[in-house]
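Here the protein sequences line up with chains S and Y, keeping their order. First residue of the first sequence? That's 1 in this note's numbering, and the numbers climb one at a time after it. First residue of the second sequence? That's 104 in this note's numbering, and the numbers climb one at a time after it.
Worth flagging that the hints you see were computed from the coordinates, not collected in a lab. Where a beta carbon is used, it is the ideal one built from N, C-alpha and C, also for glycine. Incorrect hints may have been included.
[Stated by the list, open to error] Only some residues are given here: those of chain S computed to face chain Y with a beta carbon under 10 Å:
id: 1; residue: Glu-60
id: 2; residue: Val-71
id: 3; residue: Leu-82
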Amino acid sequence: MDQIGLYPVLIVSAVLFVTGAAGVLTRRNALIVLMSIELMLNAVNLAFVAFSRQLGGAVEGQVFAVFVMAVAAAEAAVGLALVILIFRHRATVDLKDLNILRG
Amino acid sequence: MLSWLAFLVVAAVLLTGAIKAVTSADLVHTVLWLAFVLVGTAVAYVVLQADFLAAVQVLLYTGGVITLMLFAVMLTRRRGEAGVPSPSRGPWRGLSAGLAVLLLVATAVIRTVPLAGWGSAKPVGGRSAELGARFLGELALPFEVLSLLLLAAMIGAIVLARREGGRRPAPLRRQAALPIPEPAPAPDEAAHGRSK
Numbered sequence: 001m002d003q004i005g006l007y008p009v010l011i012v013s014a015v016l017f018v019t020g021a022a023g024v025l026t027r028r029n030a031l032i033v034l035m036s037i038e039l040m041l042n043a044v045n046l047a048f049v050a051f052s053r054q055l056g057g058a059v060e061g062q063v064f065a066v067f068v069m070a071v072a073a074a075e076a077a078v079g080l081a082l083v084i085l086i087f088r089h090r091a092t093v094d095l096k097d098l099n100i101l102r103g
Numbered sequence: 104m105l106s107w108l109a110f111l112v113v114a115a116v117l118l119t120g121a122i123k124a125v126t127s128a129d130l131v132h133t134v135l136w137l138a139f140v141l142v143g144t145a146v147a148y149v150v151l152q153a154d155f156l157a158a159v160q161v162l163l164y165t166g167g168v169i170t171l172m173l174f175a176v177m178l179t180r181r182r183g184e185a186g187v188p189s190p191s192r193g194p195w196r197g198l199s200a201g202l203a204v205l206l207l208v209a210t211a212v213i214r215t216v217p218l219a220g221w222g223s224a225k226p227v228g229g230r231s232a233e234l235g236a237r238f239l240g241e242l243a244l245p246f247e248v249l250s251l252l253l254l255a256a257m258i259g260a261i262v263l264a265r266r267e268g269g270r271r272p273a274p275l276r277r278q279a280a281l282p283i284p285e286p287a288p289a290p291d292e293a294a295h296g297r298s299k
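For reference, chain Y alone in the conformation it holds in the complex (with noise of 0.2 Å):
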């Protein structure tokens, strides 16, 4: 009953949160919404009985991702712009595809054939020892492989994301299309003039 009723709050906080980030027409509020939606499945996760998945949910996504989109959304941000307004295609069109995403999905799901060993759901605590020991037992190699991964998208997003031609603040676009273009403003004086 109780673990019923904490996956029903958990539903309609994850469907709400998730509506309201594909509709919402703030940028910021999208983002807000969306880590409504995380944290929501961190809890889903608890109810699901994967203790470290939920750990790692809330770490990972509300630590590291949910503030890496908040630095994009504001440095993405045109000046003079008070909201981040965000048009939207017609939201018919999302919505006939939704549902056609939908009914294909619901088809899959409906013609599945049991598994060996389906229906067996029963409590069976966190698993994150064994979680642990899978990782670093038979599955090390792939572990090792998903870090060098998570290294070379760091690398690749420093380099991407980084200046060309070395350390001085390149100017924004509208700066640069002004006829007198200042001589290499520091970097205080390039912060004071983006945020007029």
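Here chain S stands alone, though its shape is the one from the complex (with noise of 0.2 Å):
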């Protein structure tokens, strides 16, 4: 059974990556920016995959994603209550509302 090497894996994470970068960059709803995120820690956890099994399958690639899983997780919790708060109070989720701290 033929193996799929490591880059075509690593082309897809990139992308995945990059299509999560610019959803950051160009989205205007907190939501979709939380949700960008998201898509580019998935990203980085299938890096860390096709690493750890390019190295003979070294298990620490996998462990470093179930780490990043985690982090993701807490990261979505936090991260959505607060915009539920914003949006209680401001009654917006639009970033370009909510400029307050800018100088």
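Hey, can you piece these two chains together into the complex? The hints should help.
Here it is as structure tokens:
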């Protein structure tokens, strides 16, 4: 059974990451920005798993992926709570309106 | 051959889903495309022989994160809006920034010096047992710290999202702006008023 090499997975991972980054940069809804961050973390996990398999099936890459997943879950929970709090105070989640801290 | 076919299908699903998620105008569609991508990633983990991660991915993301996201989308929807339109800044900015980041990442990948033991990708099975042994053995302390982080995040999210000042449901901002505020609406009344 032939194996998929490292580079195809890395290409997919890089394009996923870049798509997420473009979403963070261009979208104005705070929720979509959070989702794009999830997309980027997901792409990084894919790269971790690919490297882990490439290095003779070392399990460390999967360990890192588990850690990234847990941190992503924590980030999603706190981030969504913040978004809902902001919506309750300001009645908007548009990042263009949330510029109090801009100098 | 079979694994290549599976990988190509997964790659196509992932890339379409990601691009649709980022460019979709409707917020609910974005969440659903994101779910698509996350499940596709789980399949990619199976193709890459990371069975445990695939299971965790499905449980955690589609079970937890996507549900949370849907709740947040519904809770931040304004009254009277049918879909949830979401404006975006110009596409050219995103496209150029994305291409720049892609160039950066590609350069880093191409210039990477192969490590020792490189290129020995071979079928190794799911490695779930080894992963578990690692987490309960030498990585026990980071694992416990991770659970502490999750606990802290959970408590933090509850504290943040809880309404201030007790159990009376706080009025929505527009209701508060009305000249005659209703005195403490019952919870089902408030829910009814929100859905109008």
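Evaluated hints:
1. Glu-60: holds, 8 Å
2. Val-71: For Val-71(S), the interface hint holds, since the closest Cβ of chain Y sits about 7 Å away, which is under 10 Å.
3. Leu-82: holds, 6 Å
Violated hints are absent here; each numbered hint is respected by the structure.
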